[in-house]
Amino acid sequence: GAGVSQTPSNKVTEKGKYVELRCDPISGHTALYWYRQSLGQGPEFLIYFQGTGAADDSGLPNDRFFAVRPEGSVSTLKIQRTERGDSAVYLCASSFSGGANEQYFGPGTRLTVT
Amino acid sequence: KQEVTQIPAALSVPEGENLVLNCSFTDSAIYNLQWFRQDPGKGLTSLLLIQSSQREQTSGRLNASLDKSSGRSTLYIAASQPGDSATYLCAAYQGAQKLVFGQGTRLTINP
Numbered sequence: 001g002a003g004v005s006q007t008p009s010n011k012v013t014e015k016g017k018y019v020e021l022r023c024d025p026i027s028g029h030t031a032l033y034w035y036r037q038s039l040g041q042g043p044e045f046l047i048y049f050q051g052t053g054a055a056d057d058s059g060l061p062n063d064r065f066f067a068v069r070p071e072g073s074v075s076t077l078k079i080q081r082t083e084r085g086d087s088a089v090y091l092c093a094s095s096f097s098g099g100a101n102e103q104y105f106g107p108g109t110r111l112t113v114t
Numbered sequence: 001k002q003e004v005t006q007i008p009a010a011l012s013v014p015e016g017e018n019l020v021l022n023c024s025f026t027d028s029a030i031y032n033l034q035w036f037r038q039d040p041g042k043g044l045t046s047l048l049l050i051q052s053s054q055r056e057q058t059s060g061r062l063n064a065s066l067d068k069s070s071g072r073s074t075l076y077i078a079a080s081q082p083g084d085s086a087t088y089l090c091a092a093y094q095g096a097q098k099l100v101f102g103q104g105t106r107l108t109i110n111p
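Residue numbers (this note's numbering), protein chains in the order written: chain A, 1 to 114; chain B, 1 to 111.
Treat the hints with caution; some may be incorrect.
Calculated cross-link-like contacts (lysine to aspartate or glutamate; reagent style EDC-like; alpha-carbon spacing at most 20 Å) [unchecked claim]:
| # | chain 1 | residue 1 | chain 2 | residue 2 |
| --- | --- | --- | --- | --- |
| 1 | A | K15 | A | D86 |
| 2 | B | K68 | B | E3 |
| 3 | B | K1 | B | D67 |
| 4 | A | K17 | A | E83 |
| 5 | B | K1 | A | E20 |
| 6 | A | K78 | A | D56 |
| 7 | B | K1 | A | D57 |
| 8 | B | K42 | A | D24 |
| 9 | B | K68 | A | E102 |
| 10 | A | K78 | A | E44 |
| 11 | B | K42 | A | D86 |
| 12 | B | K42 | A | E102 |
| 13 | B | K1 | A | D56 |
| 14 | B | K1 | B | D27 |
| 15 | A | K78 | A | E20 |
| 16 | A | K15 | A | E83 |
| 17 | A | K11 | A | E83 |
| 18 | B | K42 | A | E44 |
| 19 | A | K78 | A | E14 |
| 20 | A | K11 | A | D86 |
| 21 | A | K17 | A | D86 |
These aren't lab readings, by the way, just hints derived from the structure by calculation. Every value quoted in this text rests on a predicted model; they were computed, and no experiment measured them.
Could you build all of it, start to finish, from the sequences and the hints given here?
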């Protein structure tokens with residue numbers, strides 16, 4: 001079946017602008033995760049959804065970052081007033097019911113803030 | 001707080017060799033541990049998930065072990081091939097909700 005998909009694959013924006021990144025999880029997966037990966041580093045956790053609610057948002061770096069999953073499927077990561085330091089690859093993953101089950105990752109969105 | 005370390009950062013070996021990639025973690029009370037492969041410019045491909053109650057997991061030429069008492073996991077690759085060239089990432093669950101990743105080992109298999 002279809003894997004996790006993310007759009008856009010690349011996003012270039014100017015400093016100070018607002019961006020939205022979209023994630024479509026594997027059908028039937030109730031758990032959804034966002035991670036951020038800087039060049040040469042491993043991914044870092046941002047936020048975890050179980051169904052429609054954010055069960056753990058402890059990785060969001062500041063209040064410019066926000067994520068939603070209104071119907072328990074597609075999720076959108078929103079970044080306000082982007083800064084050059086936000087440039088990274090944003091990865092989305094999903095798993096069946098969470099609870100330390102195997103996570104499946106999408107191809108990522110490469111965000112560049114100029 | 002869980003911390004994950006992978007050494008070495010890069011490894012280059014000739015084709016056909018068996019090799020071991022190392023991963024260490026600080027909190028032995030982990031739930032599960034997952035190994036991934038990442039090709040340049042791509043997302044992560046899950047290779048193996050070892051549950052906390054298991055000591056090892058195998059898939060084809062790959063074998064991953066888990067020793068919680070020593071805080072270590074290894075990924076063994078048998079009969080390496082040039083197509084195995086990629087970055088390999090180890091990730092341990094912190095609690096039951098999020099993965100904590102190492103920085104990865106960049107593996108090059110030379111024909």
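Hint check:
For the hint linking A/K15 to A/D86, the alpha-carbon distance of about 9 Å falls within 20 Å, and the restraint holds. Distance hint between B/K68 and B/E3 is fulfilled; the C-alpha atoms sit about 14 Å from each other, no more than 20 Å. Proximity of B/K1 to B/D67 is assessed by CA-CA distance (about 19 Å); at most 20 Å being required, the pair is judged to hold. The suggested pairing of A/K17 with A/E83 holds, with an alpha-carbon distance near 8 Å, which does not exceed 20 Å.
Note on B/K1 and A/E20: the hinted pairing is violated, with a Cα-Cα distance of about 30 Å set against a maximum of 20 Å. About 16 Å separates the Cα atoms of A/K78 and A/D56, which keeps this hinted pair within 20 Å; it holds. A C-alpha spacing of about 16 Å is found between B/K1 and A/D57, which places the hinted pair at or below 20 Å, so the restraint holds. Restraint check: the Cα-Cα separation between B/K42 and A/D24 comes to about 17 Å, which is no more than 20 Å; the hinted pair holds.
Straight-line distance between C-alpha atoms of B/K68 and A/E102 comes to about 19 Å, which keeps the hinted pair within the 20 Å bound. Between the alpha carbons of A/K78 and A/E44 the distance comes to roughly 17 Å, so the proposed pair stays at or under 20 Å and holds. With a C-alpha separation of about 19 Å, the suggested pairing of B/K42 with A/D86 holds against the 20 Å cut-off. For the given pair, B/K42 sits about 19 Å from A/E102 by alpha-carbon distance, which is consistent with the 20 Å threshold.
Only pairs whose Cα atoms come within 20 Å are accepted, and B/K1 paired with A/D56 is accepted, the gap being roughly 15 Å. For the proposed pair B/K1 and B/D27, the alpha carbon gap of about 7 Å is at most 20 Å, so the pair holds. Between A/K78 and A/E20 the CA atoms are separated by roughly 5 Å; this keeps the pair inside 20 Å, and the hint holds. Proximity of A/K15 to A/E83 is assessed by CA-CA distance (about 5 Å); at most 20 Å being required, the pair is judged to hold.
For the proposed pair A/K11 and A/E83, the alpha carbon gap of about 14 Å is at most 20 Å, so the pair holds. Proposed proximity of B/K42 and A/E44 is supported: the alpha carbons are some 16 Å apart, at most 20 Å. At most 20 Å may separate the alpha-carbon atoms for a hinted pair to count; A/K78 and A/E14 meet this at roughly 15 Å. In summary, the hint linking A/K11 to A/D86 is supported, as the alpha carbons are separated by about 12 Å, within the 20 Å threshold.
Taking the CA atoms of A/K17 and A/D86, the gap is about 11 Å. The hint holds against a cut of 20 Å.
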